[in-house]
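Peer 1: Under the UniProt record's numbering, the residue at position 118 of the sequence shown is numbered 118, and the numbers go up by one with no gaps.
These aren't lab readings, by the way, just hints derived from the structure by calculation.
Treat each hint with caution, since some may be false.
Dumping the calculated DSS-like pairs for lysine-lysine here, alpha-carbon to alpha-carbon at most 27 Å [to be verified]:
(1) Lys51 with Lys116
(2) Lys151 with Lys94
(3) Lys59 with Lys206
(4) Lys180 with Lys151
(5) Lys94 with Lys200
(6) Lys151 with Lys116
(7) Lys180 with Lys59
(8) Lys94 with Lys162
(9) Lys116 with Lys147
(10) Lys147 with Lys94
(11) Lys116 with Lys200
(12) Lys162 with Lys151
(13) Lys94 with Lys206
(14) Lys147 with Lys180
(15) Lys116 with Lys162
(16) Lys51 with Lys93
(17) Lys147 with Lys162
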Amino acid sequence: LDNVHIPGLYFWRGLKYYLGLVCLYFGNPLPEYSSRKLHYIHLCPQPNLIKAAGYPVEKHRVTTRDGYILQMHRIPAGRRVVRRIDEPVAKGKKVIMIVHGLSGSSGDFVLMGPEKSLSYILADAGYDVWLANLRGTDYSSHVNLTKNEQKFWEFSFHEHGKYDVPAMIDHVLNVTGMEKIIYLGHSMGSTSFFTMMSMKPEYNDKISFCVAMGAAVYLENVKPIAKLALVTLNVTNIMRERGVWGIQPALIQGAVKNLCTLNQPEIDLCAYFIFSLIGEDREQHDL
């Protein structure tokens, strides 16, 4: 990882904007929900959504060494288990920390509901589930900076791996009293893990094993349409000129509401857009 090429700040930020709609759409259970319920799901804070699904939930604040405040969402038990808040983890219970990918959040693992969302399935299977939120999500802030300041957004997966992931792992171990946890990273969540391990190899002793889903290490093989859009639309310069430094939830929600509706033609259009970026696999796409 010492030789991994990290793109410029504005390219990275522009790519996050371009893929924001895609990431949110993947967590959007369009076939099964009314437009009113979709609106509720997109706007509802994740802890409230977890509680509404019948699961116990805790919110934890973790402050990194460089001042970012990250909110973690814990699902300590399944729907059928009565458990007191802050009760010690039962002996032998497995603790797992799940880390989202680019432009994602803890919501990626709860939006599909109890029967399909990974976090709920694991909680019902007896796991103590911790959902991470890296810096840059709605569930992050800073001790001094606001999200309207450029300096807040001066980071990449390098800082995720150097600061965010280690801080959250230490917090989970401290709260649960465990010596090791399971780490599950999706896409950039796995990139952050590999970055951490290359810089802080001592954290190998804190992980029982790692599950890297859609692991990304080298920034290569980007789909041509993504490159073309960033160059043609001049995304990064437009954002910089307007003082826009991060992903605005209202912008993404508006795009989803207007482009990815419950009508089949629009659903197909969104699907083709996604396929053009990441390749087509209809069996793994929930339409």
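Peer 1: For each hint, tell me whether it holds in the structure or not.
Peer 2: Here is what the structure says about each hint:
Our distance criterion of 27 Å between C-alpha atoms is met by Lys51 and Lys116, whose separation comes to about 16 Å. Taking the CA atoms of Lys151 and Lys94, the gap is about 38 Å. The hint is violated against a cut of 27 Å. Pair hint Lys59 plus Lys206 holds up; C-alpha atoms about 22 Å apart against a cutoff of 27 Å. Restraint check: the Cα-Cα separation between Lys180 and Lys151 comes to about 34 Å, which exceeds 27 Å; the hinted pair is violated.
Our distance criterion of 27 Å between C-alpha atoms is met by Lys94 and Lys200, whose separation comes to about 23 Å. For the proposed pair Lys151 and Lys116, the alpha carbon gap of about 38 Å is over 27 Å, so the pair is violated. Between Lys180 and Lys59, the direct Cα distance comes to roughly 21 Å. Compliance with the 27 Å bound is thereby established for this hinted pair. With a C-alpha separation of about 25 Å, the suggested pairing of Lys94 with Lys162 holds against the 27 Å cut-off.
The suggested pairing of Lys116 with Lys147 is violated, with an alpha-carbon distance near 33 Å, which exceeds 27 Å. A C-alpha spacing of about 35 Å is found between Lys147 and Lys94, which places the hinted pair above 27 Å, so the restraint is violated. For the hint linking Lys116 to Lys200, the alpha-carbon distance of about 34 Å lies beyond 27 Å, and the restraint is violated. Distance hint between Lys162 and Lys151 is fulfilled; the C-alpha atoms sit about 17 Å from each other, no more than 27 Å.
Under the criterion of a C-alpha separation no larger than 27 Å, the hint pairing Lys94 with Lys206 is consistent with the structure, at around 13 Å. Distance check on the hinted pair: Lys147 and Lys180 sit about 33 Å apart at the alpha-carbon level, beyond 27 Å; violated. This hinted pair does not check out: Lys116 and Lys162 have alpha carbons roughly 32 Å apart, beyond 27 Å. Among the hinted pairs, Lys51 with Lys93 is consistent with the structure: their alpha-carbon atoms are about 22 Å apart, no more than 27 Å.
Under the criterion of a C-alpha separation no larger than 27 Å, the hint pairing Lys147 with Lys162 is consistent with the structure, at around 20 Å.
The structure shown violates the earlier hints numbered 2, 4, 6, 9, 10, 11, 14, 15.
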